[in-house]
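Student: Spelled out from the first residue to the last, the chains are:
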Amino acid sequence: MFYREAGQFYTSYAKDQGIFQLRQDKYGLWGILFIAFIVVPVGLYLLVQGGLMAASTKDYLYNSIFLLLLVNSMAALGLNILTGYCGQISLGTAAFMGVGAFTAFKFSTGLNYRIQHEDDAGELVSQLVPLLPAIDNPILLVLIAGFVTAIVGVIFGLPSLRIKGFYLAVATLAAQFFLVWCFSRVEWLYDYVSSSTIQIPPLKLFGLVVTGSETVMRDGQAVTIYPAAETKYLICLSLVVFFAFIAKNMVRGRIGRAWMAIRDMDIAAQLIGIRPLATKLLAFAVSSFFCGMAGAMSLIFYLGALEGAEAFNINESFSVLFMVIIGGLGSITGSFLGAAFITLIPIFLVVSLPWLGGQFGIPVDAAVVEHFQFMIFGALIIIFLIMEPLGLARLWQIGKERLRQWPFPY
Amino acid sequence: MKHAERTFGDTLLKVDNITLRFGGVKAITDVSFEIREKQIFAIIGPNGAGKTSMLNVINGFYHPQEGTITYKGNPRHQMKPHEAAETGIARTFQNVALFRGMSTLDNVMTGRLLKMSGPSMRYYHNKLANMPVINYLTYPAMWFGDFLLDSLYWGPYQKEEVAHRKAAEEVIDFLEIQSIRRTPVGRLPYGLQKRVELGRALAMEPDLLLLDEPMAGMNLEEKEDMCRFVIDVNDEFGTTIALIEHDMGVVMDISDHVVVLNYGRKISEGTPAVVQADQDVIDAYLGVAHEEDLIET
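Line by line, the protein sequences give chains B and S.
For the first sequence, the residue numbers in our numbering are 1177 to 1586.
For the second sequence, the residue numbers in our numbering are 16 to 312.
To be clear, the hints were calculated from the coordinates, so they are not data collected in a lab.
A portion of the hints provided could be inaccurate.
[Claimed, not checked] Going by beta-carbon spacing under 7 Å, a handful of chain B positions derived as facing chain S:
hint : residue
1    : I1431
2    : D1440
3    : R1451
[Claimed, not checked] Sample of chain S residues at the chain B side, in silico, Cβ under 7 Å:
hint : residue
4    : H97
5    : A100
6    : E101
7    : F114
8    : G126
9    : R180
A virtual CB, placed ideally from N, CA and C, is assigned to each residue, including glycine.
Modelling step: build the complete structure from the supplied sequences, incorporating the hints.
Tutor: Shown next as structure tokens:
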């Protein structure tokens, strides 16, 4: 009864075309943003200050849960644009994330390349020479990573004109394997270190330390400043919220309509004047842009240092695909719900299983937790897909329709 | 409607000696006809006569091996379907080909896509497109400018969206489908789906509208509604219509000119009255007794 459109009339097309048909939805979103931007940081800060929570717990929440959730949401948004809206299945998401991460790394160190020459003693001397000045603005790095990944995505999207469905999935799998191979074999990508690990150098945004640490002299003493978890969280959150807004705008406007037309009936779409190749490539570009940003965010904010072949292997691709399928194909909200489901359920199980075992006097060790985590997680995915094949977004939709009438029967 | 009262414009589409082969099978053999502006033009024939293939040729889906097509006075080169759409040819399908995941309104709005070029692209087409070199240099920038406006859903783009919404609403009003504006088209009954598909084609403001069996599978009332819409479209917007239809009553009532195909060949052409009286047409539809059959029995 409270959740319905009664009394809400739109008198202009501009208003009727808005993102939200219901005023309640709009307030709901503002509420969520308020909680994410203000209540969470301030609340956790106060809890720590008040001694109700350990500082390490707060950092764990930010660094291991919230940041991972944000990175996954960004990746899921990207894949949902390609698979959910444009109907092109991709199994190369992790590789595109990797391209983003490596781009961010290369630009943050100034696109180093190596020159080798023999010195007087006849020994080989290597020297890293930067091509460009190093960029130390994390947001700029994330955007550059997005653009570079978009270009790579377009190249690997080219087969989509001729190949459809599962066959395209296999073609994108080639991207996955090829790019991951590059991440561990092309030395230039990881600055020729023997472990093929990339580590983000210290970055700052508006004078705030974002990665690494900074030593400053304060009152004659050297003080080391470590990045605050809140800083990373708020930067990531702002990026995700802004680009979710962009994604929503794209899919509700003419770009999104062209994508969905290609997805639903490509022959009819062509007769309307939609160019299939250009439209699909645009979807690949935008999707890869988002995935690239997710990868860069993962490197800069979440992991700090990573090994490309390890962090962006095919499991990660599948994991993002599951997020999109479970969350709901063709839904921006669904991307977030799916990312939350896939990210939070394992963490929840890790925390709750030992506790549950303790209640019954059964000792639960880490190995058992891990096995149970996979079993329960798998079962949950199957149950969800049987109950609602269209994903969490559809469940949310049904819930909203129920709420329209609640508490009356009709 | 008396046919004698109706006047038509110049030739809009001229099909000359078209032959279309798939491997060894001849789908269309040496077919020629002319569609004139503001005409309601019907292509009829028994099943497998090559009617839909003919529409596909006009649409640019199939490329005939022989023959030429002249559209709006210019001989047409081999083109892709989306290029045909850009020249003002719209089409509905025999089996409904709507975008099932989208609402009625979105389907109609998708029909407006070709008309929705962003402000920078419009500037490009008006001012820059004819300049040598500069057109290639500025195109990506102009395209990207529009893309940014689109993704922000802001300013000029929002105005454009509203303007096209208005045009889409006019189509929706015309077809009387206001009440299903927000309904996903997958949930609509068949008759309404056909109507939405017509709406999507109309939203393109086409010069030539191809209708592939617009009344197939409809009940009498839906058929009458659809006939009324076809006649109204022709009357109010002056759209040239080429339709394929199996319901002879409909064809004879609403069309100005009829072409009859059988086994890929044109066997008759003329006003409905002429075609109706043609012995070849009657034979094609009812079958003809062959002499050798007669001798044996």
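Student: Just pull the numbers of the violated hints for me, sorted ascending.
Tutor: none
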